[in-house]
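Student: Chain by chain, the residues run as shown.
2 protein chains.
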Amino acid sequence: MSDKKLQVIPLGGLGEFGMNCMALRYGDDIIVVDAGMMFPDAELLGVDIVTPDFTYLVENREHVRGLVLTHGHEDHIGGIPFLLSQMQIPVYGTAFTLAMVERRLDEHKLADKAKLNTVKPREKLTLGPFSIEFIHVTHSTVSCVALAITTPLGVIIHTGDFKVDPTPTDNELFDLHTFAEYGKRGVLLLLSDSTNVDRAGYTESERAVVPRLEDLFVRSPRRLVISCFSSSIHRLQTIIDLAHKHGRKLALLGRSLNNTTEIAHDLGLLTIPNGILLRPQEIMQQAPSKLVTIVSGTQGEPMSALSRVAVDNHKNLSIEAGDTVVLSSRIIPGNEKAIYRMINHVAKRGADVVYGSMNPPVHVSGHGSAEELRLVLNLVRPKYFVPLHGEYRQMAKHAKLAQHLSHVGLEESFVLESGQTLEIDRKGARKGEKVTVGRVCIDSGSLDEVVQDLVIRDRRHLSEDGFLIPIIAIDKNTGKAEGLPEIVSRGFISLEESSDLMQEARQAVIKTLESSSAEERGDWGVMQEKIRADLRRFISKQTSRRPLIMPVILEV
Amino acid sequence: MSDKKLQVIPLGGLGEFGMNCMALRYGDDIIVVDAGMMFPDAELLGVDIVTPDFTYLVENREHVRGLVLTHGHEDHIGGIPFLLSQMQIPVYGTAFTLAMVERRLDEHKLADKAKLNTVKPREKLTLGPFSIEFIHVTHSTVSCVALAITTPLGVIIHTGDFKVDPTPTDNELFDLHTFAEYGKRGVLLLLSDSTNVDRAGYTESERAVVPRLEDLFVRSPRRLVISCFSSSIHRLQTIIDLAHKHGRKLALLGRSLNNTTEIAHDLGLLTIPNGILLRPQEIMQQAPSKLVTIVSGTQGEPMSALSRVAVDNHKNLSIEAGDTVVLSSRIIPGNEKAIYRMINHVAKRGADVVYGSMNPPVHVSGHGSAEELRLVLNLVRPKYFVPLHGEYRQMAKHAKLAQHLSHVGLEESFVLESGQTLEIDRKGARKGEKVTVGRVCIDSGSLDEVVQDLVIRDRRHLSEDGFLIPIIAIDKNTGKAEGLPEIVSRGFISLEESSDLMQEARQAVIKTLESSSAEERGDWGVMQEKIRADLRRFISKQTSRRPLIMPVILEV
Chain A
0 MSDKKLQVIP LGGLGEFGMN CMALRYGDDI IVVDAGMMFP DAELLGVDIV TPDFTYLVEN
60 REHVRGLVLT HGHEDHIGGI PFLLSQMQIP VYGTAFTLAM VERRLDEHKL ADKAKLNTVK
120 PREKLTLGPF SIEFIHVTHS TVSCVALAIT TPLGVIIHTG DFKVDPTPTD NELFDLHTFA
180 EYGKRGVLLL LSDSTNVDRA GYTESERAVV PRLEDLFVRS PRRLVISCFS SSIHRLQTII
240 DLAHKHGRKL ALLGRSLNNT TEIAHDLGLL TIPNGILLRP QEIMQQAPSK LVTIVSGTQG
300 EPMSALSRVA VDNHKNLSIE AGDTVVLSSR IIPGNEKAIY RMINHVAKRG ADVVYGSMNP
360 PVHVSGHGSA EELRLVLNLV RPKYFVPLHG EYRQMAKHAK LAQHLSHVGL EESFVLESGQ
420 TLEIDRKGAR KGEKVTVGRV CIDSGSLDEV VQDLVIRDRR HLSEDGFLIP IIAIDKNTGK
480 AEGLPEIVSR GFISLEESSD LMQEARQAVI KTLESSSAEE RGDWGVMQEK IRADLRRFIS
540 KQTSRRPLIM PVILEV
Chain B
0 MSDKKLQVIP LGGLGEFGMN CMALRYGDDI IVVDAGMMFP DAELLGVDIV TPDFTYLVEN
60 REHVRGLVLT HGHEDHIGGI PFLLSQMQIP VYGTAFTLAM VERRLDEHKL ADKAKLNTVK
120 PREKLTLGPF SIEFIHVTHS TVSCVALAIT TPLGVIIHTG DFKVDPTPTD NELFDLHTFA
180 EYGKRGVLLL LSDSTNVDRA GYTESERAVV PRLEDLFVRS PRRLVISCFS SSIHRLQTII
240 DLAHKHGRKL ALLGRSLNNT TEIAHDLGLL TIPNGILLRP QEIMQQAPSK LVTIVSGTQG
300 EPMSALSRVA VDNHKNLSIE AGDTVVLSSR IIPGNEKAIY RMINHVAKRG ADVVYGSMNP
360 PVHVSGHGSA EELRLVLNLV RPKYFVPLHG EYRQMAKHAK LAQHLSHVGL EESFVLESGQ
420 TLEIDRKGAR KGEKVTVGRV CIDSGSLDEV VQDLVIRDRR HLSEDGFLIP IIAIDKNTGK
480 AEGLPEIVSR GFISLEESSD LMQEARQAVI KTLESSSAEE RGDWGVMQEK IRADLRRFIS
540 KQTSRRPLIM PVILEV
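The listed protein sequences correspond, in order, to chains A and B.
Counting in numbering that gives the first Met the number 0, the first sequence runs without a single skipped number right up to 555 at its last residue.
Counting in numbering that gives the first Met the number 0, the second sequence runs without a single skipped number right up to 555 at its last residue.
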């Protein structure tokens with residue numbers, strides 16, 4: 000056995016949702032599994048996307064042997080342009096996953112530089128001391144793999160995202176046998192998806208949406224409009240098959256939907272019967288009862304096709320009374336307001352809107368529930384276990400799910416958060432050093448618009464209480480204030496209420512100036528701080544608010 | 000029959016959630032049903048509470064005969080201090096409801112001025128041409144009533160909030176018989192709660208939480224900490240009864256919890272066995288297995304008892320490994336982040352956290368599902384129907400639920416939004432004039448801190464892109480700019496990135512000044528607008544951002 004140590008280095012996605020990224024290091028060799036992004040929560044005001052801080056990888060760039068991808072969802076691949084703009088490493092993934100990556104790289108004009116290498120399930124890949132086997136798993140998009148990574152110290156299984164779907168619509172079964180084989184031979188460490196650990200039982204099969212959707216195809220008297228995630232290739236196939244069966248023509252609205260449909264079709268992962276597709280401009284000519292339109296924008300994104308359709312502002316589709324609009328998707332927490340606003344608009348047009356949980360379901364999750372997580376734990380029977388993907392509460396619950404395995408060889412589970420490494424050597428496993436991690440906030444999707452924490456903090460402060468800026472003109476010869484200070488303010492209190500207050504605030508500033516010594520007045524930094532402190536006290540007393548106060552001293 | 004018309008005037012809660020308030024007018028006489036508040040969504044930055052705009056009532060104050068309350072939840076009574084500070088009207092409600100109102104009035108020092116009149120189920124009250132009978136309904140708090148309001152044109156039934164709980168824990172059954180009686184005699188108009196119309200079937204009885212909670216009492220090896228809404232008197236009684244049965248002492252943490260418990264106990268609505276209550280300072284002395292603590296703060300409110308306990312910052316209770324923390328409550332959309340953050344902290348202390356949906360449930364809703372809504376529709380069999388309480392999508396769905404009643408006398412359902420009146424006379428019912436409604440935003444709960452829309456719009460703008468303020472000093476004698484303009488900016492881009500940009504922005508301002516005619520320069524308003532427009536164009540081109548730009552011209 001080796002003397003070197005193996006390090007598990009979570010760079011994102013543990014203790015938080017999204018931006019999944021994990022480095023594995025053996026001696027001086029590093030591989031990276033996934034490099035995702037996350038959509039910011041409302042607290043990151045004005046930020047468009049968030050990626051992991053890749054500092055650890057950049058600092059160790061000469062040791063990084065490659066980036067290995069589990070599947071093509073944004074929370075696993077969305078950070079790649081931001082990583083590859085900082086370092087050149089080969090990328091490995093299935094054909095569909097890489098096609099999704101390429102689309103993102105194109106947008107950032109990085110496609111030429113990247114070395115993308117296609118892999119298939121059951122194939123093996125060697126990167127330095129790591130030998131990686133790709134294992135097919137079922138999930139809400141196609142061509143997803145788990146990784147069995149053989150290292151000199153033993154085998155690591157990384158599940159990626161998965162459910163154990165017993166009846167996938169494409170009949171590509173979850174590869175239980177390979178999991179079982181590794182489990183039989185002995186696995187050092189299991190890294191497994193915790194997303195749905197809070198749900199008891201089994202997640203329903205993707206096939207479970209067919210009865211509800213078929214019912215809608217049969218019973219909708221007029222236009223049927225269905226929205227789903229554009230990467231849900233199985234869902235799209237189901238809708239296409241039902242359209243074919245029930246004699247409805249099909250139209251697609253939305254850029255991401257057209258992109259992914261084309262990718263999946265080109266790769267033979269999506270079958271579209273001849274003659275079924277309408278061009279968008281043919282939609283309103285088609286008899287309403289002979290039409291289904293798939294529209295992107297399940298989350299109420301303001302510029303999405305469905306949001307525009309909802310307010311009758313889409314050039315190709317108008318919703319009319321008696322139409323049926325279906326959200327075959329989940330409501331991502333934080334998006335409720337936007338989604339419900341969109342649904343209200345559709346309802347006001349007189350359409351029937353089908354959304355939310357119901358039985359049979361109109362949507363099923365792509366992540367395994369507690370019993371599927373147990374099934375994988377039992378198949379793999381690892382020596383050590385680290386829950387992936389989730390907040391602390393979920394990873395802690397997942398660790399508890401594994402407790403019974405202590406009877407069959409589990410020595411310890413570790414609940415790690417991003418930045419907390421685990422190290423394994425001949426003597427065992429333990430929490431190791433912490434590495435730099437964090438969230439990099441990007442304002443508008445381009446590579447160089449990183450927003451600093453301070454800016455976000457300012458925005459938050461501004462968003463709560465607005466600002467107040469006293470401006471004092473000081474004569475550069477005499478050092479005395481010229482006239483009354485100006486005060487400008489926004490987002491604080493309304494104009495009509497503010498005039499008296501502002502008058503008094505000006506007097507407060509004057510008082511501060513007058514009560515200061517000549518020495519103090521000579522030092523603008525000191526004066527700014529004094530004015531800020533006095534004014535804050537005054538404003539807080541008068542209004543109980545704490546606007547951002549930023550005195551400006553002008554020398555004139 | 001009368002010649003006067005009856006008007007239904009929704010002032011809040013139709014087409015939105017919360018701040019329920021409805022006026023009913025017959026000729027010149029007005030009564031008001033409920034005056035609620037809502038908690039603002041994240042889009043109303045920095046606003047603490049929102050009440051309806053009571054302009055219609057204030058303008059018609061001499062006609063308003065009284066305010067009639069259905070129950071004591073904030074979304075039905077929270078606006079009362081803001082209404083009563085603008086006009087004096089008598090208030091009618093059950094004893095518990097009025098006690099909850101009094102608490103709010105005390106906070107605003109209005110308790111002396113208000114005339115509160117206690118009513119009981121089956122009692123009748125006459126206000127001008129309206130004769131009101133109070134009908135007991137089941138809901139998630141105690142002493143809730145629906146209203147049967149007899150007018151010269153017929154009977155209006157207003158359900159308030161309700162579920163049809165077949166086995167309420169206090170055995171006070173939903174008064175089906177009175178609903179049935181009115182239905183038999185003929186009802187002109189039904190106004191009914193739409194909150195849970197999206198849920199199929201029946202809402203489970205309040206009693207359904209007993210098995211889960213009892214299991215937790217039996218199986219929790221150490222301290223049991225339970226959080227629920229403080230107005231859930233039935234839930235509190237269940238927990239108290241289980242504590243008594245299983246030999247655990249009881250402690251209460253949280254101001255609102257202590258308040259409502261005291262109110263309910265004083266009114267004989269909550270039974271607390273002798274000797275079971277511990278004082279907060281005795282909690283940590285009690286044997287962990289012999290203790291249950293009820294803690295307020297289910298929604299992760301930052302200053303609530305549970306949030307403080309979660310970060311081990313409460314003087315009376317520390318969570319330790321092996322303790323069990325239960326959220327017997329729903330997660331109100333919008334609060335997910337705060338609640339999950341709190342749960343993560345509790346999980347890190349090694350406690351088991353029980354929350355979310357499960358079977359048997361740890362929480363049940365207080366609002367009726369689709370079949371309960373149908374039951375009330377079928378009992379009442381109204382001539383006209385107006386769905387209450389919900390967004391448009393839910394009210395529209397509720398109207399559809401009533402369609403089958405067209406065979407037994409339903410003439411029309413009206414989906415109204417706040418401000419859209421309905422008028423009924425001898426000839427029938429139709430949508431009428433619109434009245435002034437809106438949201439009044441209040442910054443910190445006091446009566447006079449109304450925030451204007453403009454301020455909120457500014458805050459939103461500031462929160463997304465920050466601000467940029469060019470300051471130009473102009474010599475009052477020559478009319479020329481003194482030196483380079485200053486530019487101050489926050490929440491826009493970080494300092495290190497900004498220096499070059501700010502340098503160029505200053506030049507852009509100079510250019511604007513120089514390219515302006517003497518006449519333009521003489522008019523500060525014109526100059527401010529020109530500088531704003533040019534600078535906006537420059538900044539947008541350079542950064543794709545649109546900060547709030549506010550030029551300041553100082554005469555020196």
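Hints should not be assumed to be uniformly reliable.
It does not matter which identical chain is used: a pair holds within one copy or between any two.
Stated by the list, open to error - Here are the simulated BS3-like pairs of lysine-lysine, each with C-alpha atoms no more than 27 Å apart in a straight line:
1) Lys529 to Lys336
2) Lys347 to Lys123
3) Lys112 to Lys123
4) Lys433 to Lys3
5) Lys336 to Lys112
6) Lys112 to Lys399
7) Lys479 to Lys382
It is worth saying that the hints were derived from the structure and are not from the lab.
Quantities reported herein were computed from a predicted structural model and do not represent experimental measurements.
Student: Could you run down the list of hints and mark each one as holding or not?
Tutor: Each hint tested on the structure:
1. Lys529 to Lys336: neither (43 Å within a copy, 37 Å between copies)
2. Lys347 to Lys123: Neither: 55 Å inside a copy, 39 Å across copies.
3. Lys112 to Lys123: Close inside one copy (25 Å), not across copies (81 Å); limit 27 Å.
4. Lys433 to Lys3: Only inside one copy: Lys433 and Lys3 sit 19 Å apart there, 77 Å across copies, limit 27 Å.
5. Lys336 to Lys112: Cα proximity of Lys336 and Lys112: none, with 40 Å in one copy and 39 Å across.
6. Lys112 to Lys399: neither (44 Å within a copy, 57 Å between copies)
7. Lys479 to Lys382: neither (75 Å within a copy, 78 Å between copies)
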